[in-house]
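Given next are the chains, with one letter for each unit.
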Amino acid sequence: MYPDNLYYSKDHEWLRLEGEEAVVGITDFAQKQLGDIIYVDLPQPGKVLEAHQTVGSVESVKSVSDVYSPVSGEVVAVNSELSQSPDLINKDPHGQGWIVRLKIKDKAEVNNLMKAAEYEKYLEGLEH
Amino acid sequence: MINVIREPLIFEISSPGKSGVRLPALDVPEKLDVLDGLAIRSDLEGFPEVSETEITRHFTRLSQMNYCVDFGFYPLGSCTMKYNPKVNEKVAALPGLSGVHPLAPEKLAQGNLELMKTLEKLLCEITGLDAVSLQPAAGAHGELTGMMLIRAYHQAHGNPRKYVLIPDSAHGTNPSSAHICGYVVKEIKSNEKGTISLEDLAREMTEEVAALMVTNPNTLGVFESDICQIAEIVHARGGFVYMDGANLNALAGVTRPGDMKVDVLHLNLHKTFSTPHGGGGPGSGPVAVRKVLEPYLPVPVIEEKDGQYHLNYNRPQSIGRVKSFYGQFLVMLKALAYLLALGPAGLREMTEIAVLNSNYIRHSLKDVYHLKYDSPTLHECVFSDKFQKDFGVSNLDISKRLLDYGLHPPTMSFPLIVHGALMIEPTETESRRDLDLFIEAMKAIDREARENPELLRTAPHITYVRRLDEVQAARNPVLRWEKK
Amino acid sequence: MLARIGVDSVEDLFCCIPETIRLQNLLNLPGPLSEPEIVEYFEDRGKKNLYHRYLSFLGGGAYDHFIPAVVDYLSSRGEFVSPYTPYQPEVSQGTLQVIFEFQTLICQLTGLDIANASLYDGATGAAEAVLMANRVKNKKRLLVASNVHPEYRQVIYTYTRNLGLEVVEIPYDRQGRVDQKGLESAFNSHTSVLLCQSPNYFGVVEDLETLGRLAHSHDALLAVAVSEPLSLGLLEAPGKLGADIVTGEAQSFGLPLSYGGPYLGFMACKKEFVRQLPGRIAGQTVDAEGRRGFVLTLSTREQHIRREKATSNICTNQAHCALRATIYLETLGRQGLKKLAWVNLQKAAYALEKLTAIPGVRRKFGGPVFNEFVLEFPSDWSRIKQKLEEREILGGLALGQDYQGLEKCALVTVTEKHSREKIDRYAEVLKEVLK
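Residue numbers (this note's numbering), protein chains in the order written: chain Z, 1 to 128; chain A, 1 to 484; chain D, 1 to 435.
Heads up, a few of these hints could be off.
Think about it this way: if two alpha-carbon atoms lie no more than 30 Å apart in a straight line, the pair counts; the simulated DSBU-like pairs of lysine-lysine are [what the hints assert, rightly or not]: (1) K483(A) with K18(A); (2) K338(D) with K354(D); (3) K62(Z) with K47(Z); (4) K270(D) with K339(D); (5) K31(A) with K422(D); (6) K10(Z) with K32(Z); (7) K435(D) with K417(D); (8) K31(A) with K364(D); (9) K354(D) with K417(D); (10) K90(A) with K417(D); (11) K417(D) with K18(A); (12) K91(Z) with K309(D); (13) K121(A) with K305(A); (14) K372(A) with K62(Z); (15) K309(D) with K10(Z); (16) K107(A) with K408(D); (17) K193(A) with K62(Z); (18) K90(A) with K47(D); (19) K47(Z) with K186(A); (20) K48(D) with K305(A); (21) K103(Z) with K137(D); (22) K90(A) with K121(A); (23) K389(A) with K62(Z).
Short, incomplete list of chain A residues facing chain D, as computed with Cβ under 8 Å [claimed, not checked]: (24) A138; (25) A140; (26) P175; (27) G278; (28) Y326; (29) V331; (30) G343; (31) V355.
Residues of chain Z placed beyond 12 Å of chain A at every Cβ, according to the derived structure [claimed, not checked]: (32) K10; (33) E21; (34) K47; (35) Y122.
Calculated from the structure, these hints are not laboratory results.
Think of the CB as a built atom: it goes at the ideal place given N, C-alpha and C, for glycine as much as any other residue.
Between the sequences and the hints, there should be enough to build the whole structure, so can you do that?
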């Protein structure tokens, strides 16, 4: 169910490599945990981030969840459609619900992330 | 309370020219040059215009859409929804007390100052602490004030320190207050009994920690039996023990925070001392402290000398003001009236019955609803929806169904350490008959969860409105009426 | 009940409390008193308050206005007095709709887009306003006009002291207004906000349009505190003049003087700052059958969800006071509020003329006023004040302890409760006192 072309973090972010850049969002598991998303706090383009640093936050009616950057890099674009339609994350978490686009600092960091099968296993572990 | 007419917004029934009150005519000569230099508004666009009859019906109908303690059982955990004696309202409305300007000369307000000083003394006796400030406006405001006192002490001793320790079972205001006071919050995990782990505390308690904030009994209703050792660990490293007094209804007259070596405590007069919640305030959150923190209390401080009361503003070490004037004076009067009515034996009895009622509910429902922690509890008990979850029913559904039974639901939003929490605090207000009604309703709802879970998921069914769409409210906020 | 619990005595329920800290005796407390004894106790203390014998011209953030009977009558209904915060909207539509109406009224008065459900009082409102501006602009320098209520400024200092913020006070000019030269030199690139008050502590109405322009030209917000909101029945809405945040004290709207509390803080702001607004907010939505209803909304700003990252630690606020203000404003209505504001303005103007006609008494500041003004006397106010008190008149508030150079001055407040006869009496007595 989780796309093979994505990388996954333990904090339930996904990352898609596009050349020197990466697109980042939260996983289907994360959006289901949150429920209906009502607001996404987006960073300013140009913001430089370390891996695991907060890149923004996602809010449902009764909870707030920080979104962490899975790798180090600089924010080059944000999904501004989310300001009008935060529910895109609920509807299409791995596609139209992307959150930021980063210019990656060190591609090797991507190797620290999980592949789809690994992530699915990780999720199974969480459910127990 | 269900058969009410759909009540429009006042703005929707407004018609030009109406007013609900006749004002006196101007008795001085009118001058127009007084407007010179002023930016004057052309109109009060959209402001309502209705008659006194319309006002009265509007608010009477609105009132009938509210559930309240005067109507029935209100077991909202940690909120202490006890009955509000009516004589308290009467005395707080006495014009001789409520009509005094806050900046009136002290000699013209001796009665009010005496009443405040008396309440301070009674709160010192009840808490076992040395001094009280009545200034904070509510519990969270008292927390903030208390943390500021701690910070001011540390600052005066060379290092404000960096961290505040807070158990994971705490109410959200605790970390928020510590943060606004400039501290970094470190969370302490609860142990399997639901209380603070001494080992964890000893490890985290360094000389960079300003204070431990502890709620006792905690939000599970469990008394921190190791409180004296906890205080020792914190004091050994030069820290302070801050106690959130939200749950004092479990302790008053039975034990005293001061005797547990607590250094600072805030009280909620709108919880333990029966002042009404008013649909969300005004509350009142006095702070009680040990002698060493007294110099830092907010100004002014009420002092008594030869039977005369005096406001002292000259307190160089004070944190300053946290509010204008002296606090929520009328709320203080209600709390004082309550204490005078109870007397010492009555206060103890209040606590005993509150604890008895809570334990009665706990033992009546423990086979029907899941209890995550089986430690003994005092004034409240926390169940969860774990058993009902199997039928696809959550604590929210159970709560909404209770509304159909004419009962107010328990607290659900915390403690965060119990998933699907149902935190029940009956208070001493309820008779055995009322408790049994609640217990039977909870049992019936459990049966419904098994037999007809949909009934719960779509509850409530017979209230003025059905379940409301909170997602829409937050996604497309409509926060005021606007003329179409 | 004990049998069901499985204990022999109530005492056993407290076994989790160590014996060493359990009280062995009853506390040393007065009572129990019977109901008539309680009433008598409080009535006796009321008699010790000699304030009521005096003719008072005190204001300064606490105003003695007429309260229509319907306000007391409706607000004392148990359904309004005895519920908790409306966490269960299905059985709290009364409270929630009242908050929604209150928010609307505050928006209409202030000329801003959104308002919250209330704050503790005007002073904490002012502190919350500068903290909010700091969050919006993320800059650490906060400018506060020195003619903002002294107690509001003290609370701002208390709130900001531990947060690494820099509070700079702006002097006032001969008009009693914010000194524009002093203001311009105080702005720098780190400035988040200018907080001023209008009418200010001297009763003078500020030139908000100019202040707003100055603040915005330095990429800062203009926050306006209003301690006498009745003035908004007459004066242009601050939001229309450039204010980004308007906060204040709404005690004037149906709350008795109450020796200082409970009062009613309010706050309104532009729509784009909604996520930084502190306190509870009610919003409109629909129920499962599509009917209009109201809920508390945008709660992720608040402490119970965001914990240490919340916009404020406020939890319980002043809902019942907001209810009283709502009933008050809706009772007066559009015409009533305008008329009452006009009456206050005219009476103050009459009093100002009458008092300054006395030899030696002059108006201190030239700026336009609403229902308060500062007078300067030939000698220290404290001496004159004492003589007036001997004649059972409270002639105004001293300014000397808060403002150097204003030792001879007093702030005089006039409301609709001061008949012409009362104002004339003050003038007569003052004339005698100054002879």
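Hint-by-hint comparison with the structure:
Under the criterion of a C-alpha separation no larger than 30 Å, the hint pairing K483(A) with K18(A) is consistent with the structure, at around 18 Å. For the hint linking K338(D) to K354(D), the alpha-carbon distance of about 24 Å falls within 30 Å, and the restraint holds. Between K62(Z) and K47(Z) the CA atoms are separated by roughly 28 Å; this keeps the pair inside 30 Å, and the hint holds. With a C-alpha separation of about 28 Å, the suggested pairing of K270(D) with K339(D) holds against the 30 Å cut-off.
For the hint linking K31(A) to K422(D), the alpha-carbon distance of about 19 Å falls within 30 Å, and the restraint holds. For the given pair, K10(Z) sits about 16 Å from K32(Z) by alpha-carbon distance, which is consistent with the 30 Å threshold. Among the hinted pairs, K435(D) with K417(D) is consistent with the structure: their alpha-carbon atoms are about 28 Å apart, no more than 30 Å. Distance hint between K31(A) and K364(D) is fulfilled; the C-alpha atoms sit about 20 Å from each other, no more than 30 Å.
A C-alpha spacing of about 17 Å is found between K354(D) and K417(D), which places the hinted pair at or below 30 Å, so the restraint holds. This hinted pair checks out: K90(A) and K417(D) have alpha carbons roughly 24 Å apart, not beyond 30 Å. Between K417(D) and K18(A) the alpha-carbon distance is near 23 Å, which keeps this suggested pair within the 30 Å criterion. Pair hint K91(Z) plus K309(D) holds up; C-alpha atoms about 28 Å apart against a cutoff of 30 Å.
For the suggested pair K121(A) and K305(A), the alpha carbons sit about 15 Å apart, so the restraint of at most 30 Å is met. Restraint check for K372(A) and K62(Z): the C-alpha separation of about 23 Å stays at or below 30 Å, so the hint holds. With a C-alpha separation of about 23 Å, the suggested pair K309(D) and K10(Z) falls inside the 30 Å cut-off, and the hint holds. Note on K107(A) and K408(D): the hinted pairing holds, with a Cα-Cα distance of about 22 Å set against a maximum of 30 Å.
The suggested pairing of K193(A) with K62(Z) holds, with an alpha-carbon distance near 27 Å, which does not exceed 30 Å. At roughly 16 Å between alpha-carbon atoms, K90(A) and K47(D) fall within 30 Å of each other, so this suggested pair holds. Only pairs whose Cα atoms come within 30 Å are accepted, and K47(Z) paired with K186(A) is accepted, the gap being roughly 27 Å. The straight-line distance between the Cα atoms of K48(D) and K305(A) is roughly 16 Å, inside the 30 Å bound, and the hint therefore holds.
In summary, the hint linking K103(Z) to K137(D) is supported, as the alpha carbons are separated by about 27 Å, within the 30 Å threshold. As the CA atoms of K90(A) and K121(A) are separated by approximately 23 Å, the hinted pair is consistent with the 30 Å bound. Taking the CA atoms of K389(A) and K62(Z), the gap is near 19 Å; set against the 30 Å cutoff, the hint holds. Annotation: interface hint on A138(A) holds; nearest CB of chain D at approximately 4 Å, less than 8 Å.
Against a cut-off of 8 Å between C-beta atoms, the interface hint on A140(A) holds, since the closest Cβ of chain D lies about 4 Å away. With its C-beta approaching chain D no nearer than about 4 Å, P175(A) sits inside the 8 Å limit, and its interface hint holds. Look at G278(A): its Cβ gets to within about 3 Å of chain D, closer than 8 Å, so that hint holds up. With a least beta-carbon distance of about 5 Å to chain D, the hint placing Y326(A) at the interface is held under the 8 Å criterion.
Satisfaction of the interface hint for V331(A) is found here, the shortest Cβ-Cβ separation to chain D being roughly 6 Å, below the 8 Å cut-off. Taking 8 Å as the C-beta contact cut-off toward chain D, the hint placing G343(A) at the interface holds, the least distance being around 3 Å. With a least beta-carbon distance of about 5 Å to chain D, the hint placing V355(A) at the interface is held under the 8 Å criterion. For K10(Z), the non-interface assignment is confirmed: its Cβ lies about 19 Å from the closest Cβ of chain A, beyond the 12 Å cut-off.
With a least beta-carbon separation of about 30 Å from chain A, E21(Z) lies farther than 12 Å from that chain, consistent with its non-interface assignment. Separation of K47(Z) from chain A is adequate, the least Cβ-Cβ distance of about 23 Å exceeding the 12 Å criterion. The non-interface label for Y122(Z) is consistent with chain A: the shortest C-beta to C-beta separation is roughly 20 Å, beyond 12 Å.
The structure fails none of the hints (numbered hints given earlier).
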